[in-house]
Amino acid sequence: MKNYASLLQGNEAMAQGALYAGARFYAGYPITPSSEIAQECSKVMPKLGGVYMQMEDEIASMAAIIGASLAGVKSFTATSGPGFSLMQENLGLAIMGEVPCVVIDVQRSGPSTGLATKPAQSDIMQIRWGRHGDQELIALSPSSVGECFSLTVEAFNLAEKLRTPVVVAADEIVAHMRENILIPEPGEVEVFDRRKPTGDPAAYLPFGPAPDGVPPISSYGSDYIMHVSSSMHGPDGYSNNGPDNAARQIARKNSKFEHHRAEIVKTRTYEADDADVLFVTFGTVTRAARAAARTLRESGVRAGVLQLITVWPFAEEAVAEFGGRAKTVVVPEMNYHGQLAGEVKKVLGAGADVRRVNSWNGQIITPRDILRAI
Amino acid sequence: MTKRSEIVLAGSGGQGVLLSGTLLAEAAIQEGSNVVQTVSYGIATRGGTSMTEVIIDDDEIVFQQVEKPDVVLAMSPEAMTKYEGRAAEGALVLYDTTLVAERQGENLRGFPFTDTAVKLGNVGLANIVALGFLCGASGILSRERLEAVISERFSEPRRTANLTALRSGADAAAEALARV
Amino acid sequence: MTYATGQQYLKDGVLPHMWCPGCGIGVMLRACLRSFEELGYRNEDTVVVTGIGCTGKLDDYVVTHALHTTHGRALACATGIKAAKDDLHVVVFMGDGDSVTIGGNHFLHAARRNIDLTAIVINNFNFGMTGGQFSGTTFNGAITQTSAYGNPERQLDICALAEVAGANFVARSTPWHVDDLSALITEALSRKGFSLVEVLSPCPTHFGSNNKMKKGTDMLGWLKERTMPVDLYRSKSPAERAGIFPIGKLVDRCEPDFAARYAEVGAKATGN
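Chains as they are written, first to last, in my numbering: chain A, 4 to 377; chain B, 41 to 220; chain C, 928 to 1199.
Wrong hints could be hidden among the right ones.
Claimed, not checked - With the C-beta cut set under 8 Å, the calculated list includes, among others, these residues of chain A facing chain B:
| no. | residue |
| --- | --- |
| 1 | 290 |
| 2 | 294 |
| 3 | 370 |
Hints were generated in silico from the structure; no laboratory data involved.
Since this is a predicted model, take the numbers as computed values, not measurements.
Cβ atoms here follow ideal geometry from the backbone N, Cα and C, with glycine treated the same way.
Produce the complete structure using the sequences and hints provided.
This is the structure in structure tokens:
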């Protein structure tokens, strides 16, 4: 390894993060602006004894990573908004079957083909609510190439810890941006592996109760035979349509996220403690907000930034704490409807001064754009 | 006092301005700086406009986009139209006189990057000639550092071809500066 | 030789099964589990993958590893399992909806990749689970719950599709020809690459009752009349072939499977 940092693109850093976390299976369908992740995996996976599969569509890509993960291999895919829409049904399967895996969504300007090479942050609601049924999904959003790497490792760790799919909600800017980054040595960053069953294989319950709501997961080929089903199932994985069973299973599958909330929900603040003006941000726009806050501080306005590293589950506590203290809360985001601003308003209430700064034409939000809102 | 440079490289798709930006950024990393390179491109791999920004800073780079460029490289008439005005704001605007009509003005400096590359036997080296010129004219990075980065990235015979292109651009910049 | 029953793969206490009297799924499942035993499959090394529909309920009857997927995506999930862990026996059970209607694209590409899966398709010419609507294999003119005046569309030939897409092994049979069916399933399971067995199956409850074949035996008789051993079929004129399904082994090739080709990629990547 070189003794100085390397210049890495966000997409490459996400691929490297996945490999660092132990991913050895990638299935995907190329789509701008995520394709470099597929390209990187197609080069590296065969060298590491891993698998790169180019599937026939994003439906199949999501299906294949579910299959591979159940065969015991850490798996992931990458796409953009239109492909993510196609993955939604099988994301439901991954949630129901409690299959650890990672989906990278490099958001671009839409709807449909839209401005395919331009950035957006307009998939946040489809990431959270785009599926059918009662379910929870973790989404992490990087604002730098360094975070592209570290949050992808974290996404795998959370996926493995909670037996659940995790989304990395990147955007075209950070995905195509290059920055200097020092890739950590193996062992330097914690890598978590799924908890496997122990004891009598005949007594193994892949969907049984567990103290933290996360039962151990076997793998195909293991002596611990595992029945995984999209249909409502009992603790043994076999169909069970009883209402009491359904209530227990859905409650347990959602309770995992409450048990592990402190590990999941991460935020970072920049001079937010005394901020009268608070910017609540996620992803690349965080950087413009930080620059705007710095300009305001220079002119005597106490401004700060609350970056939601974890977009979902929503960081209600942090938004309430820092947003409650501020006189004005500003939510800059690259979408039309103010998807994040709506959540912030929900937490702070109708009386709060929550302002939106939106861009939906594929253009980056600048510090100047944000300052204009003050 | 921190050292910070904001550079814009713009041209047509296929001219290789993105690669020039990457080489610039890699050289800056070797000097111990932080860098951010962002790109903006259309849907066509060839043609259309292609633009990359590089920020080099000893401190953390907060906002990732160029707000006030120190140097602009314009490799096409469209790029020149878009960025010419930056010269008046103090940016050094370098442009390819093979493709862009020559003009006079403070902070404007033209050189036939494409013609030079053709004379070297490969029109595809215009971006590297320009990179050499940029580093010579702006003093942002040393020629030796860029040579090291090129040597690392390319194997022969491309290494020699790229190094020759870089040197011809850098020499031309040195001559131009001597004339001034 | 002792008689293979396939009992060790069958879940205790699940019989009688849920499928309608006269349905072909039970016959096919029994044939398949017996083939598992004949081939010495261990439950621990076997993964049964199902889609959605009547055939999709099959995983609830087995005690091997299993994945019950979303509608049409069984092959795509199975592709991930097999590509990640090549030493597993991965057997995919689908209906005509899963395989070539909603899941047609995955079917084409699984065959094209020649991935080492065995796909067993129960084709009962309609969507049974949802109440008997027409599918991609329903005949032109057939009456179903969504084609009261006759199906305006034409049926897809599942075996022909697998053949042109590149499957190594393609066979067709029916529950009437149960011994042939068993032998073909055993052969399909033991072959490398993508193997398909299409099982033409009675659906007396829906397709049959809508098309003047209310009893299971009516439909079995109909299947007997509408099928012909492939060698005989090939000797017939196009006019004589009309409306007839050739049965038996239709395609038998030894092209390298996905794993073999991916191993070549791995060797190139690592310089070995």
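Outcome of the hint check:
1. 290: 5 Å, holds
2. 294: 4 Å, holds
3. 370: 6 Å, holds
In terms of the numbered hints stated before, the structure departs from none.
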